[in-house]
Amino acid sequence: MQKNIKILKIDYEKCTGCRLCELVCTVKHDRVSNPIRSRIRIIKWESEGVYVPISCQQCEDAPCVLGCPAKALTRNEDMGRVEVDYEKCIGCRTCVSVCPFGAMHFVASDRKVIKCDLCDGDPQCVRFCEIEAVRFVETTDLGLQKGREAARRLQIAERKAGTLLEAQ
Amino acid sequence: MALNRKIAYIDLTTGDIQVKPIPVEMRKQFIGGRGLDAYLLYNHTKKGVDPLGPDNVLMISGGLLTATCASATTRTHVMAKSALTGMLGSTNMGGFFAPELAWAGFHHLVIRGKAEKPSYLFIHDGEIELRDAENIWGKSTTETQWAIREELSDPEVKCLVIGPAGENLVRFASVLTGIKDSGGRTGMGCIMGSKNLKAVAARGTMDISIAHPEEALEFNKRFIDQISSSKVNQTQGTLGTPFIWGATNSWGGVRARYFQYNQCEYADDIEPEHLDEIATETMGPYHMAACFGCQVHCRARYKLPSGPHAGKFDEGPEYTTLGAFGAMPDCRNAETVLTCNYLVNQYGMDNLETGAMISWAMELFERGILTKEQTDGIDLRFGNDEALIEMITRICNRQGWLGDTLADGCIPASKKIGKNSFDSLVQVKGMNNLHSDERATPALALNVATASRGSDHLRSRPAIDLYHLPEPVLRKIYSSPVPYDGPLSSEHTEYEGKPWQVFWQENCYMAVDSLGICKYHTVFLGATHPNFEDWAKVIYYNTGLELTPRDIWDVAVRCNTIERLFNLREGLTRNDLKKGDMLNHRYFDEPCLRGAPGVVGKKIDKDKFIRMVDELYEHKGLDKEGVPKPETLKKLGLESEPSHRL
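In order, the protein sequence lines correspond to chains A and B. 17 is the number that the working numbering gives to position 2 of the first sequence; each next residue is one higher, with no gaps. 427 is the number that the working numbering gives to position 416 of the second sequence; each next residue is one higher, with no gaps.
Pulled out of the complex, with its shape left as it was, chain A reads as follows:
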């Protein structure tokens, strides 16, 4: 039987934009506070009040893995993540270019690429996100969960429409 893996699930509409995830990410990985080193980033349109967390999606068929000329990026099926082998990495930043999410980063001061490693199974961004904009969930029934939320909205709309019809 296929082992069920866990993934980082981002519900961006819940994000309050506090960037605590960026902070704890860098403290955990680099023992410093510095969002430029964070594997997760909150992209903001401040003038509209829109905040969107962006992190590695650990793609099944990852462009970074395909694009890496040094074969430094591989998919670790057990951990459900894409990993960088720094022994092999030549620092060409192809992965940064091809990532469709902008989730590969190049830290200029260290001259190396960084990406989310899911904190080896205990993602700190998830642990600290009280509002659960970022969650670590099993892939089973991922769609069903979203479907349930959509169904709830439909149900409310239906009820409202019903009230209006009655009022007529």
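Because the hints were derived from the structure by calculation, they are not lab data. Owing to the predicted nature of the structure, the values given are computational and were not obtained by experimental measurement. Yeah, the Cβ is synthetic: ideal placement off N, Cα and C, and Gly gets one too. Where hints are given, some of them may not hold.
For lysine to aspartate or glutamate, the following DMTMM-like pairs were computed, each having C-alpha atoms within a straight-line distance of at most 20 angstroms [stated by the list, open to error]:
1. B:242 to A:147
2. B:617 to B:507
3. A:29 to B:287
4. B:640 to B:565
5. A:175 to B:22
6. B:232 to A:137
Covered stretches of chain B (chain A as the covering partner; in silico rule of three or more C-beta atoms under 8 angstroms from a C-beta of chain A) [to be verified]:
7. 217–228
8. 300–314
With chain A's structure known, arrange chain B on it following the hints.
Quick look at chain B alone, frame taken from chain A:
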């Protein structure tokens, strides 16, 4: 690491910039943020300095813990001599500016002189540039920020800006970052305007190493769990600070029609639940937003649903906005309050002072002290929403006789208006009080009377006094880190023991203002919140600096004493109505007319009030005139001044 963040001395007249380290010894004495700013202000200004002149010094800082792995440590502090009060100017705001400044290598900026033309400072990774701001002069606070980001081609730049009100030297102009994170009190935006300084932009990518990262991370998690488990923060995270409005108004602690009533009746439209509906309708169910690293998320995002600015995006409104533009001018409708909120944010004006000034003018108008000629034909009655909105713009632009007069602040305005207008002015040290009514709460009255920056609730308010906590609980809170075995009362209408609570809160708030922590993470609204004991640990884990809870307390007492010394140097006299620790006679003469049974009829007993001030002075080590005793100064290491160690 946090301890190697620097201090920059910037002279806008000459363009000279000097960068210096902050010695650890200074950290131990003053910590950082507001505490260190107070020391710098005292030592870098001379007695009687013209607040609007080049010799006034503007301090912008983050706290010691800013941008470390400590929860909610994002507060930016701004200090200078205030042009509103002629005394200590100090203001504090949330948002994302201070951490960016820290990642750019700095904790403190000391800005003097006056730029030849409109300018802004750009601070990035240890570098400081003075740049031309002629193209952005005149722009609103948010337009200014977006224009600077555009010019610097970096959407991550964080700016501290002034709006048109600051440019026009409105004495209560605010400094603002983001959509609505404002430092309004004491008008620091006016000081920036007087220096031709439109903005300070920061962008930082420098590491702040954490002394003990594993412990810091775990302790932060504990902190967060502690805060999040409290009902007060859960409510705040849902309804924002307006939740306080509902509770306070119901028992009669909100001033309506300036100071005529202590409750705002028939105000359903501005109840927090209705404002929450507006935010939900315009921004969806998840509309709360947070400052950097804070899980309380007490700011609502919303779009104005109607009115002249319908569809515009804004944040808030806050508890104070409801009082300033709802209760005090008696304009009890959401559209008006939200429109006013939008205007003061865009113009860069203190909402409290703006609302209070207009409401005071309304009272004067209704009493015939202000004439229709003086208001330029505006029918400035209470409850005239259009007049309220119009006056905000007029004050910002100093338009018309009244707009220009009110823009100068309450005491100069009362001189210009004359005819006993000063008599009705609810101010202390030249600054209007917020909309809270302290006639039934002696502890809170003592707080506003003795606050170092004029009538104000965020310097020493024992807000938990209203919870009627059992005496043993109060004793647990208030007898640490220094022992206290004097009286404490659970009854908020009592006078006994209140001076100690005010003294304790004053030191608590100074400590967190120096560390950069938000007051919502302290014993302000939540009795079980982190305390001196917790801060000692969080300082050690994040910076490696070893301070005991008692050390932090001593720093707070020291810094509060310096603020006192500054005010005394600028003319503080105990019972002076304009420059002293004294309340307007209305507190003593006019009883509360509305509210809970125990509140109706209450007013402040003047004799008891004076005894409270005496007692507070004793706790603070001051003599009967409010001057620090020689032994107090010696104990705090302040006996030889000015010391100029930085």
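Hint-by-hint comparison with the structure:
1. B:242 to A:147: 19 angstroms, holds
2. B:617 to B:507: 14 angstroms, holds
3. A:29 to B:287: 16 angstroms, holds
4. B:640 to B:565: 16 angstroms, holds
5. A:175 to B:22: 63 angstroms, violated
6. B:232 to A:137: 14 angstroms, holds
7. 217–228: holds (count 8)
8. 300–314: holds (count 9)
Of the numbered hints given earlier, the model fails hint 5 alone.
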